[in-house]
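S.K.: Protein chains in written order, with the working numbering: chain A, 1 to 530; chain B, 1 to 307; chain C, 1 to 335.
Careful: at least some of the hints might be erroneous.
What the hints assert, rightly or not - Computed footprint of chain A on chain B; a stretch qualifies when at least three of its residues, placed anywhere within it, have a C-beta under 8 Å from a C-beta of chain A:
#1 44–53
#2 80–91
#3 146–159
#4 249–263
Simulated from the structure, these hints should not be mistaken for lab results. C-beta: ideal position from N, C-alpha, C; glycine also.
This is what each chain is made of:
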Amino acid sequence: MDKTHDLELNELRAAIASGRMSRRAALKRAAALGLSLSGAVALISEAGVSSVRAQDAPSGTLVIGNAEPPTSAQWDSYTVFGLVDAQVASLVHDSLLGYDSADGAIVGHLATAWEMTDPTTMRLTLREGVTFHDGSPVTAEDVKATLDRVGSPDSGLAWHGLIFPNMSVNIVDPTTIEVVTEEVFGPLEKSLAVAPIFPAGDIADPALLTERAIGAGPYKWISYDENKVTLEANTDYWAGAPGIQTVVFEYIQDANARISALLTGQVDIITRCSSEQLDRVEDDDNFYVVDVPPLTQILCIYQNNGQLANQEIRQALAYAIDRQAIVDGILMGVGKVPFSAIATNAPGYQEQPERFDFDPEKARELLAAAGVGEDFTLTMATSTLVPHQKEIDQAIAQFLQDVGINVDITTLEVGAFRTSYNQYDLTLNTLASFNYDPDFVLGFYAGPTAEAVFNLNDPAIPPMIDAQRSSSGEERLENINELAAYLWDGQVSLYLSDELWPFIVSSKVQNYDRVPVVGEPLLRLATKSE
Amino acid sequence: MRKVILRRLLQNIVLVVVIVLVVFILMRLTAGDPARMKAPVFASDEILQSYREQFGTDRPLTAQLWDFVSGIPRGDFGTSFRYQQPVFELIWQRVPETALLAFTSLTLALLVAIVLGVAGARRPGSAIDRFGIAASTLGQSAPTFWVALMLVLIFSVHFRWFPAVGFTGWKSLVLPSIAVALAVFPADLRVLRSSMIDTFHQEHIRTARAFGISNRRITWLYAFRNAALPLITVVGIDLGYLLGGTIVAEVVFNYPGVGQLAIDSVNARDYPLIQAITILTAMVFVFVNLGIDVLYMVLDPRIRIEA
Amino acid sequence: MSEQTQPRLAVRNLTTVFHTRAGRFVAVDDISFDVYPGECLGIVGESGSGKSVAALSIMGLVDYPGQIEAGRIEYAGTDLRTLSENQLRRVRGEEIGIIFQDPQTSLNPLFTVGTQLVDVVRAHRKISKSEAAALAIEKMKLVGISAPESRMKSYPWELSGGQRQRIAIAMALLLGPKLIIADEPTTALDVSIQAQIVDLLISLKNELDFSLIFVSHDLGVIQNVANRVMVMYAGRMMETGEVGSLFRDPYHPYTAALLASAPTLRTNRSEPLQAIDGRLPSPGKLPPGCVFAPRCQYVQEDCRVRQPLLESIGDAGRRVACIHPLIALPDEVHV
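Hey, can you work out the whole structure from these sequences and the hints?
M.R.: Laid out in structure tokens, this is it:
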């Protein structure tokens, strides 16, 4: 950078700091100055932009009604994938990188700058002066302890292999670290953006995490009583105190109870709403809907070992089923039909040339060509795991019967369904990415997971997974698309729809927004008027 | 009398043991692996196995049974798979709320049943009698969850008089207990009304009238005490409806009680929690019915003497 | 009885009807009678004749769907029918006592004898429980109950039938009523005890000087107890008069038939014991003329057409409702 640049950068910094320029405008300006994205974000972070309301003290209580409780009473985020686990983790903990706005741009949090020094090494500069809720400083040792554990192949952590590959951290100096992956790992930035940094002491003794959670995030963990997780604002948060004083995640099992609680004002936000719940607040000015999902798909899983091993039959099924009609009719438009094997909002998503639009004639032709007789019967298990599961399954069965395929439906209780779904040819399920990266989902199609979930063992897939993992930028998106296209053309599953996550929010809550991850990284920017 | 109660108690303990064994075996025979319920939908076998080891469900059934049975005398009902807390603590924290709801509902149901049942029996076919019969028909035919929903819509969402969910004080009790009471009172009302009518036709009531005892005293002392015996029997039987209704109300009102915990535990295949809740519920049944036997003896001297 | 004394109870034109689904039927049809101080009026008739309803009507104890439709019931100069429920309540037990048929069912099984007796006293007198208990024990002694203190703690079903009925009598006597109605008080008892109870009632009546209405189907008992007797059939009064003359010379064919069917009381023992043929007419389907006509062995054509009125015939106080009474009368008397 030359001198002019420095001058302009200083001006920019001043403009941002004084609030004369929005963060988005600043990003554009920085890009025009030829600054790398991460550099620009680092600049903005330093300028304190991400603190939206440093001047006001946090106030009010925000209650979020969820259909599920935390998956366990322990707060070891790396062992769980639950909704509430992620919500709590995203507020109590901070991560090296993170999200500050709805556009999903990754910015520096505990790290102020980061760059790939070689394809397997990311060098990060740590923010100074950040403390955990117990007052101890966040050090390079804490970061190393946290990431080394999830990077270890022997960790036994649920996140290992899905969100993080084998990796380790080198401490260069107290404010500089290097994250070194064994292989090239494309999603690393996104994974670090959802990876909470724990105090090294908690990593050494994870039993502590059964009692409480201590992090460096905008909210302090206060209590958990099976129904409610309560958090309080951390006024010492490095980017400024959050807008709302108390955040409560309340478990409300019953769908009607959730909407009633919202309508009476006992709850301010309800998550993952059904179309019926959305109907209740339609045209109601007291509420608005935010429906940013993580990368989530509703798909009908095929078991690829039996009758559905034949690709032509799977393609026939795709032609036979009117996906748009199911989305419109049953999900009432809450969803988006994809024309590829990954969610439409996934980085790298492209509509594939063969759309498999509804065409029962073509389905019959393909079935005839595959030599399918009149007695062709597929087994299907249905349950109540996925919203509207039984109606969707009925519709799928009807479409298949229309082209001469018999469907033998068994209704299972959720527990039985979860245990034995892979004993049936067709089962509806959802597949969500935890780190806003399609790699998470694509990983399901290889190795033991693929065998367990899809009875699939296709040697062509693992090299393609490695290709997208080990590349970056545009090239990586191409590789993602290539794998998605392969899965789509082969119709390994029925890719029914994206699953939107409509959240109904009380109008008393301002500045509430989401990014496509499970947690609530933007919640600290929200405020509530009484 | 003491002997009879002791014998009953022993019979009931045997009953509870049988129930516990049946639940233990049934839970493990029905499909649904607790490890899978806890793990993400597509968790790997290693993760599932680690959960099974943590829960002890990888061990032979006999070993699991022994762990379970040997813990009971120590008051150790195991650790919840889902919450990772001793199940006894989990349940105990919620017992007060559920007991409060059940007690309020039963009191409300009995109050309505007694007022309407006695008034109806005094003047069969009168307006208040027809109202009571209509109300009990309605209560019997309207499912509790529907009633609960309507109550929420009207009194929480529309009028904002009562909270829709949770437990925040006495106001939180009102709607759930009305919903439960509405399901419970019809049987009480019908039984009380008909036994009260029978009693009014008995000669000793005519005697009381013939000797100038006031109508109020005849109704509430002489007749009611006679008519209360069948009512008490029905209340014992109703306990099932009461607990069932309580569970439904707890779910619909997100009321933090044992019922909701029970639903959660079944959904999560949380064996220790299910087992403990079953034992607790069975014991409640046993003790309430024992209490009813005692009450019967107190109220009806004939039974007391025979015993 | 002296005609000069005022009757203690004067019943005039009492009509009690029952409204049932099957229709309205008349259980007591326009009967009138007096009860004088110290006398015993017997009411006899087959079951269903309306004698018990007549007795219960006096105290307003006819239960729904029964209803007193007409008449006056004058007790000590007051028409009881004009009293409020609460005023009537004070008369019950205090002024008029009652003894029911079956003490097993007429006493409450869930309360001790003492509780029930004390309750009756305290319904009328503002006195303490122990004072009321003392009164109850006194009356129990009076009716010949041994160890009354311990019996107070007994439940009715712990006592023998005779003891129970003594308790019932004690209850009737508790507040010293001037009139006692005994509704078939011996019917439910063993034959051996019946006589004791009857004797007890007679001696109590003599001792305490109350009036007694004794309802029974047993002519033998009536003959022992009653001064005057009233014979009822199908809700109507057939014949009334002094017990001695009426039993000796029944004028009404029904009275005669009743006497003939009672093994212990046949006037002429050479005649064979005979039951009355036929049955009581079913309520609501009363024959147009004399209600007894269908079963009367002396029936004549006009009996089936014209309803006989109660008329004084023969000796003092005798009244008969019969067109052709069993008495040799001059022809001109016949209408």
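S.K.: All hints, please: hold or fail.
M.R.: Each hint tested on the structure:
A stretch counts as covered by a chain when three or more of its residues have a beta carbon under 8 Å from one of that chain; for the region 44–53 of chain B and chain A the count is 5, and the coverage holds. For the region 80–91 of chain B, the assignment as covered by chain A holds, since 5 residues bring a beta-carbon within under 8 Å of that chain's beta-carbons and 3 suffice. With 5 residues carrying a beta carbon less than 8 Å from a beta carbon of chain A, the region 146–159 of chain B meets the three-residue requirement, and the given coverage holds. Figure legend: the region 249–263 of chain B, annotated as covered by chain A; annotation consistent (8 residues with Cβ-Cβ distances under 8 Å, at least 3 required).
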